[in-house]
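Take a look at the letters that make up each chain.
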Amino acid sequence: MSNAGHPLTRINRHWLYGALLAIVVIGLIVPIPLPLAVSPEATRFYDAIENAPKDKLVLVSTLWSASTQGENRPQTQVVLKHLMKRRIRFALIAFGDAQSTTLAQELAEEQARIYKYEYGKDWINLGFRQDIAGTLKGMVRDINETLKTDSVNRRPLASYPVMAGVRNVDDLSVIAEFSASGNYKSWVGLVVGSTDAAFCYAPTSVMAPELYTYLDSGQIRGMLFGIKGAAEYEQLLGEKGFTTRAITPVSLALVLLFVLIGLGNYGMYATKKMEGNS
Amino acid sequence: MNPIQSFLSRAFPALHGGALAGAVAGCVVACVIAVVILQALPGKARKAVIAAVTFVAGLFYALEFFLPANAQDENILTFAVPTVGNVTNVLGGMTLGLGVLSLIRIHGSNVVKVKSGWENSMLLLVSMVVMAVAGIWYGQTLFYRSLFRDVLNSFDAAMFAVLAFFIVSAAYRAFRIKSAEATLLMVAALVVMLGQIPIGQYLTHWLPVKGSYLSLLRLDNISNWLLSTVNAPAQRAIGFGLGIGGLAIALRIWLSLERGAYFEAKADES
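Residue numbers (my numbering), protein chains in the order written: chain A, 1 to 278; chain B, 1 to 270.
Looking at chain B on its own, in the form it has when it is part of the complex:
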């Protein structure tokens, strides 16, 4: 047990039963007080607090990654990784709550003010409440399973399946061969797609699979070659670009240099 771990174990001993419930309740109250204080702070002070918390949170993973590890592949911070992961999971759960609140605020207002399309807003709110009640209190019942599998799953799948119709329509209307680049793209797409389906593969099935130069002309082999030899380097190049861009964005967010964020605008107002 390293010194930090040892100090934390003494400061926060494991709790059980009523003590645990009390600690959880205390944490909830402390969080509410923190949010109230944050809301009461002037914009610039709030920004400074948020920037500090963001920096410390990011610093944990950066230090944990870069600090030298021992033979067990652990360093002084490694022990805290599961706990920090749990904190992130809890924060993720809170963002879900924020989403629900936002939906209720916007669609509740539509219903109360009887705005155009208020029926849809009403349906959304009722569906959300019914699904939440079913999931929380009737999780193992036919009621929930039916709502989840027969309604939600079917709607979700149907919504996605509709894309196929739009793709067919869009390809017919928009895929026009007007330049050498478009022709190249079209030929590559045609070969790759034909090489992926039995009907396309059947066109050259009479050629040897391997062991002969003729095998290079099989559509499935050309398709594989395009994907692994032409596509892979292009994807790698894109990946490098994305990686460098991602690093720059991550640094800007970590150091709170990103402009135009919500709290930035609020800070400027005050």
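Just chain A, same shape as in the assembly:
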């Protein structure tokens, strides 16, 4: 590395990595007990589930893999928990990444054991579909005909009690998608206009700003803004679990980012000053 410039412009990257690692570990061990303001988007997502009628099905769509599970898993978990607390029937479906259906299945099984949810009666997994547009168009018309069987037992959907009275997207009360990609455009374009079901979205933080235009139009009812949104939802559920604790390292990491940007810029101006004086 060059020795030119102010020392603050030449901090070895390994110190930066070490600082981030230390802050994340410390943040996980020692959470800072600060309140988190709940955003209107998270409140609307919560209200959509809270007000969902018990005789209708909620569709939980997942499009995430292990790479974004840091954000998408807690989001999915808090909403599944809410559904099971309210004893609302739900169906899982996965798009985009084949890992998604297995990860969502494991998560649902984990929560189902706690809340005594029975597969086939209280919830079902509709499986993974590669073709998003074709599947959604088919589901608008007939879910059973489009998806045919579940992914666990490969039995016809109509044979499960959980699917009783469900023909198409009109029979859903809420559609909740947990995603690491821009799949919301397919839902908004192909499904939202064909049903009264509330469409809620839970993207990763980096994607969330894209969605405000659809929140503004009302096509997306509510949103969970990354892991922060999951923590807000957990707060609305009246719980303080891992998601709430995970906000501390996120906060500290962002503070570290600001400090480093500040140091880098101070170093740049100090260097210019040094060069001006010499």
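Quick caveat, the hints were computed from the structure, so don't treat them as lab data. Here a beta-carbon is modelled for each residue, glycine too, at the ideal position from N, C-alpha and C. Hints may contain errors.
As the list claims (entries may be wrong) - Here are the computed lysine to aspartate or glutamate pairs in the DMTMM-like style, where the Cα-Cα straight-line distance is at most 25 Å:
| id | chain 1 | residue 1 | chain 2 | residue 2 |
| --- | --- | --- | --- | --- |
| 1 | A | Lys148 | A | Glu275 |
| 2 | A | Lys85 | A | Glu118 |
| 3 | A | Lys85 | A | Asp170 |
| 4 | A | Lys85 | A | Asp47 |
| 5 | A | Lys121 | A | Glu50 |
| 6 | A | Lys185 | B | Glu74 |
| 7 | A | Lys148 | A | Asp131 |
| 8 | A | Lys54 | A | Asp171 |
| 9 | A | Lys272 | B | Glu181 |
| 10 | A | Lys148 | B | Asp73 |
| 11 | A | Lys85 | A | Glu109 |
| 12 | A | Lys273 | B | Glu181 |
| 13 | A | Lys56 | B | Asp73 |
| 14 | A | Lys185 | A | Asp171 |
| 15 | B | Lys178 | A | Glu275 |
| 16 | A | Lys185 | B | Asp73 |
| 17 | A | Lys85 | A | Asp171 |
| 18 | A | Lys56 | B | Glu74 |
| 19 | B | Lys210 | A | Asp47 |
| 20 | A | Lys148 | A | Asp55 |
| 21 | A | Lys121 | A | Asp170 |
| 22 | A | Lys116 | A | Asp216 |
| 23 | B | Lys210 | A | Asp216 |
| 24 | A | Lys148 | B | Glu74 |
| 25 | A | Lys185 | B | Glu64 |
| 26 | A | Lys240 | A | Glu106 |
| 27 | A | Lys85 | A | Asp55 |
| 28 | A | Lys148 | B | Glu64 |
Said to hold, decoys possible - Per label pair, the in silico range of CB-to-CB distance:
| id | chain 1 | residue 1 | chain 2 | residue 2 | range |
| --- | --- | --- | --- | --- | --- |
| 29 | A | Ile32 | B | Lys113 | 53 to 59 Å |
| 30 | B | Lys113 | A | Arg167 | 21 to 27 Å |
| 31 | A | Asp142 | B | Val151 | 47 to 53 Å |
| 32 | B | Leu255 | A | Asp47 | 45 to 51 Å |
| 33 | B | Val53 | A | Ala133 | 17 to 23 Å |
| 34 | A | Asp47 | B | Ala237 | 26 to 32 Å |
| 35 | A | Arg113 | B | Leu38 | 47 to 53 Å |
| 36 | B | Pro42 | A | Asp142 | 42 to 48 Å |
| 37 | A | Lys54 | B | Ala161 | 38 to 44 Å |
| 38 | B | Phe155 | A | Ala133 | 29 to 35 Å |
| 39 | B | Ala237 | A | Gly120 | 44 to 50 Å |
| 40 | A | Asp47 | B | Ile4 | 41 to 47 Å |
Dock chain B against the given chain A, drawing on the hints supplied.
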């Protein structure tokens, strides 16, 4: 049942058991023959066939979308949407097979020729075979679950987590405030990010949440305002631009006007 549906039902009645297996086998053989014929055709003729198939496939969704629908929100083509969706799913599965073949060809060659880094290629191929065997034949066992959850998931998550370290390093090195625009970007980023985290929200927590002009100065409110009032119109404008661009690209692909595609180069060669 509309006339097309009625004709197709008569032409292709539902099959079961041995007849179904025979039909599937016949389809596979027909697909192989079609691929062989396509490979044997001169480049320009192949391009014409591919362009025709692409046009018909695109035309289905265009017609299904634009043709007037009846009271049940269906038109003459709606009945075929699930079937066409299934065809697309099958095609998606085939692209996975193409990817696997490509990996085997490239990395197999590295191993056979003992090229530099052949050990990595070998590891990739062995991992792929082990994971495929575990997934296909031992799907519900601890062996597969352990490979999936303990190995694949952990590696996948770790790879993504490494990004955080690069972001910190990149922000320190590259985020320099050298102009008015950069300053504006920096201030907006700072306010939005502080408004999203409890530590930032705590800085202005003593101000009223709502019902007073002072509430407008709360960081979480400023952050929300920036996202919903400043960011949303900008995203909408970008969305319009992307939409128009996407439409143009879709039309070019649908009508096979896109230049530089693989088959285009092959067609020019012949």
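Hint by hint, here is what the structure shows:
no.: 1; hint: Lys148(A) x Glu275(A); in the structure: 72 Å, violated
no.: 2; hint: Lys85(A) x Glu118(A); in the structure: 14 Å, holds
no.: 3; hint: Lys85(A) x Asp170(A); in the structure: 24 Å, holds
no.: 4; hint: Lys85(A) x Asp47(A); in the structure: 14 Å, holds
no.: 5; hint: Lys121(A) x Glu50(A); in the structure: 21 Å, holds
no.: 6; hint: Lys185(A) x Glu74(B); in the structure: 22 Å, holds
no.: 7; hint: Lys148(A) x Asp131(A); in the structure: 15 Å, holds
no.: 8; hint: Lys54(A) x Asp171(A); in the structure: 12 Å, holds
no.: 9; hint: Lys272(A) x Glu181(B); in the structure: 20 Å, holds
no.: 10; hint: Lys148(A) x Asp73(B); in the structure: 21 Å, holds
no.: 11; hint: Lys85(A) x Glu109(A); in the structure: 15 Å, holds
no.: 12; hint: Lys273(A) x Glu181(B); in the structure: 22 Å, holds
no.: 13; hint: Lys56(A) x Asp73(B); in the structure: 22 Å, holds
no.: 14; hint: Lys185(A) x Asp171(A); in the structure: 21 Å, holds
no.: 15; hint: Lys178(B) x Glu275(A); in the structure: 16 Å, holds
no.: 16; hint: Lys185(A) x Asp73(B); in the structure: 21 Å, holds
no.: 17; hint: Lys85(A) x Asp171(A); in the structure: 21 Å, holds
no.: 18; hint: Lys56(A) x Glu74(B); in the structure: 24 Å, holds
no.: 19; hint: Lys210(B) x Asp47(A); in the structure: 20 Å, holds
no.: 20; hint: Lys148(A) x Asp55(A); in the structure: 22 Å, holds
no.: 21; hint: Lys121(A) x Asp170(A); in the structure: 20 Å, holds
no.: 22; hint: Lys116(A) x Asp216(A); in the structure: 38 Å, violated
no.: 23; hint: Lys210(B) x Asp216(A); in the structure: 20 Å, holds
no.: 24; hint: Lys148(A) x Glu74(B); in the structure: 20 Å, holds
no.: 25; hint: Lys185(A) x Glu64(B); in the structure: 19 Å, holds
no.: 26; hint: Lys240(A) x Glu106(A); in the structure: 22 Å, holds
no.: 27; hint: Lys85(A) x Asp55(A); in the structure: 15 Å, holds
no.: 28; hint: Lys148(A) x Glu64(B); in the structure: 22 Å, holds
no.: 29; hint: Ile32(A) x Lys113(B): 53 to 59 Å; in the structure: 56 Å, holds
no.: 30; hint: Lys113(B) x Arg167(A): 21 to 27 Å; in the structure: 58 Å, violated
no.: 31; hint: Asp142(A) x Val151(B): 47 to 53 Å; in the structure: 39 Å, violated
no.: 32; hint: Leu255(B) x Asp47(A): 45 to 51 Å; in the structure: 46 Å, holds
no.: 33; hint: Val53(B) x Ala133(A): 17 to 23 Å; in the structure: 18 Å, holds
no.: 34; hint: Asp47(A) x Ala237(B): 26 to 32 Å; in the structure: 30 Å, holds
no.: 35; hint: Arg113(A) x Leu38(B): 47 to 53 Å; in the structure: 52 Å, holds
no.: 36; hint: Pro42(B) x Asp142(A): 42 to 48 Å; in the structure: 44 Å, holds
no.: 37; hint: Lys54(A) x Ala161(B): 38 to 44 Å; in the structure: 39 Å, holds
no.: 38; hint: Phe155(B) x Ala133(A): 29 to 35 Å; in the structure: 31 Å, holds
no.: 39; hint: Ala237(B) x Gly120(A): 44 to 50 Å; in the structure: 47 Å, holds
no.: 40; hint: Asp47(A) x Ile4(B): 41 to 47 Å; in the structure: 45 Å, holds
Against the hints set out earlier in the document, violations occur for numbers 1, 22, 30 and 31.
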